[in-house]
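**Q** Now for the letters of each chain:
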Amino acid sequence: MNFWLHPSLLLILGGLLLPLVPARLKKGWLLLIPLSVFARTLTLTHGTFGEVHVLNWVLVFGRVDRLSLVFGYIMSLMCILGTLYGMHVKDDKQHIAAWFYVAGSIGAIYAGDFITLFLFWELMAFSSVFLVWFRGRRESLPAGLRYLLVHVAGGLALLGGMVWYCKTQGSWAFDDVFRNLAVNHATPATWMILIGFMLNAAVPPLHAWLPDAYGEATFNGSVFMCAFTTKTAVYALCRGFAGTQLLVVLGVIMALYGVVYAVLENDCRRLLAYHIISQVGYMVAAVGLGTDMAINGACAHAFAHILYKGLLFMGCGAVLHMTGESKFTELGGLWKKMPWTFVFTLIGGLSISAFPLFSGFVSKSMIVQAGFEQGKLWVGYLLLLASAGTFLHTGLKVPYFIWFGKNRPKPEVWNRAAEPPVNMNVAMAITSVLCIFIGCYTPYLYRMLPFPEEAMKYQPYTAYHIFETLQILLFTGLGFFLLLKKLVPEAKISLDLDWPYRMGGRVFLWLARKPVQALDTFVGELYRYAGLIPLMITARLSALFDNEVVDGAVDGLAESVRGVGRRLRLAQRGQMQENLTFAFAVAAVLIVAFIIYSNR
Amino acid sequence: MNLVKLIEFLRSRLKTVVRVCFVVLALLILLDALFVSKAHAHTGPEHWPGFWSLFGFVGCVLIVILSKWYGHAGIMTREDYYESTDEDETEHTDV
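First to last, the sequence lines map onto chains A and B.
Quick note on numbering: our numbering labels position 370 of the first sequence as 370, and the sequence is numbered without any gaps.
Heads up: take any position in the second sequence, counting from 1, add 1000, and you land on our numbering.
Hints listed in this document are in silico derivations from the structure and should not be mistaken for laboratory results.
Just so you know, not all the hints are guaranteed correct.
Stated by the list, open to error - Derived DMTMM-like pairs (lysine to aspartate or glutamate); straight-line CA-CA distance at most 20 Å:
no. : chain 1 : residue 1 : chain 2 : residue 2
1   : A       : K327      : B       : D1080
2   : A       : K457      : A       : E330
3   : A       : K485      : A       : E330
4   : A       : K327      : B       : E1083
5   : A       : K337      : A       : E412
6   : A       : K26       : A       : D92
7   : A       : K376      : B       : E1008
8   : A       : K492      : B       : E1046
9   : A       : K336      : B       : E1046
10  : A       : K337      : B       : E1008
11  : A       : K327      : A       : E139
12  : B       : K1038     : A       : E373
13  : B       : K1068     : A       : E490
14  : A       : K336      : A       : E325
15  : A       : K486      : A       : E330
16  : A       : K406      : A       : D292
With the sequences and hints as input, model every part of the structure.
**A** This is how it looks when you write it as structure tokens:
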């Protein structure tokens, strides 16, 4: 077997070595590793590499084709920008967690079989949760636990589905599940895989983890999180489920759902998180449409989205980092203090809204066009409606209520506000330039897409398309300023579908406290009357025997029980996070052992 | 800083800026109606002059009004909705 240098390996080793790097070389190291990952991505050639034979499986770590390359390219590019943005953070743990997370995402993209995919898929969940925990607020721990809980559930659905599916297929290769499904009919196994993918893509009703976690992560952690989890899932859906009609409907629902919640949202990073759901909705719908044009659109939009959404999270992250606030009701009028952050965020906003000359314009339109071309007019119109909503919030509401507006922050917040450190500004500037470059020079992106001939034929800059977009967006702008009074953010939160599991825990606790405790008391009483009193009589009778013979034996027994108890207590003293990780690891090992055993 | 000065300049002439914006909107419809070829249109209504302007404006108003209605129908709630009861729980479990 020839050694194939996996880009993720560079990140994992680089992360592990980071604490050993001397302080003065640290910034260089933080740039060197992502840059070398990007360089490695550029040198990849098509083919299947890194095959490892374990037991009777073949693990494929490097399936390199057009689809995986375009995702691998943008992920490694975003890793450079995200690391640069947080470079001044003097906490190795945060960088290591971020890099492991990216390694998981890139590993999942190049994985050629389900087992490798699953391993990296879980690496993503288990490293990204630290980006939430490292925020260190009181809310961070439960938010991270909820994130982990949801992703472990999704991971188990995926694991169960893939074991079942691969058993019936007789192969572990991760290929076009949908094509096999069309031949062999949908089985519960394919549904479980689809649910696992959809959960990571935040498809309703499996979406509530996203705003919950992304609004709570560290200022630079969110920049990473907004790029990798959902887009890796989009990749997996492109690979496995292109053409699944259900995804068209779900994608359009997603696109509008995110818009509705963004109207209500008061926290700028949660608003952006809802717009991730909305934008990923375009990609999911495109996967469902499944034509060459649509798949190109899904990949192009994922590419553009990673950059402009990263830029938006960088802008709002900079506000949070400098002022400590992310709520519209606590911010306002910051244009005097953070003008450049405003410009960069605005560029992100114009890109996501698909203004001509910005990146969203050349990617989003492919998906809308694919919808119209398939004769699905409702898809085209509803996605255009969602893009009006996108401009309304990300292009107008976010910049207006943070940098302008009537509201003014508290004096201490106002005094803290200033332009962020140089590295953050540089990261935002580079990302802005990329957003505009992609919008202006289409061949750069179009040549990278899975079906380049189809993409190069597509022409986004027709007079009709430019006027259509400008009319929709500018008249949305008119609507925004006319309805400004209605849009003033309210200091409230919106209930979403995380309610069942956030409140469900409470039902469980109540059950544990009330009925179970009552039962416990009842059994205790029963024991006292039915057990204890007769026992006392017997005890008196046997006292003599007891004193003479049993004492010695019991003393010994009690001593050993105490010893075991002490050990157990030590073993489970750990944090809940550790316990969860441990429990999950045990479950995974058991399942793997079961597969090996049943294969014999 | 130049950027701040530019924003100050625009803010001090807000009335002019707004007027320019209205002119741009009017021009947009006018140019669309007179010069833009509708060969790329997908459906009939798109041939109406200013169809997409109407679409954008009505869409925006609908999104705002329907979302706010949905939010005020009980979806929006106080910020400590989850927290306060959480504290309750910890008190209980501590006992």
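**Q** Each hint should be assessed against the structure and marked as holding or not.
**A** Here is what the structure says about each hint:
Restraint check for K327/A and D1080/B: satisfied, since their Cα atoms lie roughly 14 Å apart, inside the 20 Å limit. Restraint check for K457/A and E330/A: not satisfied, since their Cα atoms lie roughly 48 Å apart, outside the 20 Å limit. Straight-line distance between C-alpha atoms of K485/A and E330/A comes to about 17 Å, which keeps the hinted pair within the 20 Å bound. A distance of roughly 17 Å separates the Cα atoms of K327/A and E1083/B; the hinted pair therefore holds under the 20 Å criterion.
The hinted pair formed by K337/A and E412/A meets the criterion: a straight-line CA distance of about 13 Å does not exceed 20 Å. For the suggested pair K26/A and D92/A, the alpha carbons sit about 9 Å apart, so the restraint of at most 20 Å is met. Note on K376/A and E1008/B: the hinted pairing is violated, with a Cα-Cα distance of about 47 Å set against a maximum of 20 Å. Straight-line distance between C-alpha atoms of K492/A and E1046/B comes to about 40 Å, which puts the hinted pair past the 20 Å bound.
Between K336/A and E1046/B the alpha-carbon distance is near 43 Å, which puts this suggested pair outside the 20 Å criterion. Of the supplied pair hints, the one linking K337/A and E1008/B holds, its CA atoms being roughly 13 Å apart against a limit of 20 Å. Between K327/A and E139/A, the direct Cα distance comes to roughly 16 Å. Compliance with the 20 Å bound is thereby established for this hinted pair. For a cut-off of 20 Å, the pair hint linking K1038/B to E373/A stands: about 16 Å separates their Cα positions.
With a CA separation close to 11 Å, the supplied pair K1068/B and E490/A stays within the 20 Å bound. Restraint check for K336/A and E325/A: the C-alpha separation of about 17 Å stays at or below 20 Å, so the hint holds. Proximity of K486/A to E330/A is assessed by CA-CA distance (about 18 Å); at most 20 Å being required, the pair is judged to hold. Distance check on the hinted pair: K406/A and D292/A sit about 48 Å apart at the alpha-carbon level, beyond 20 Å; violated.
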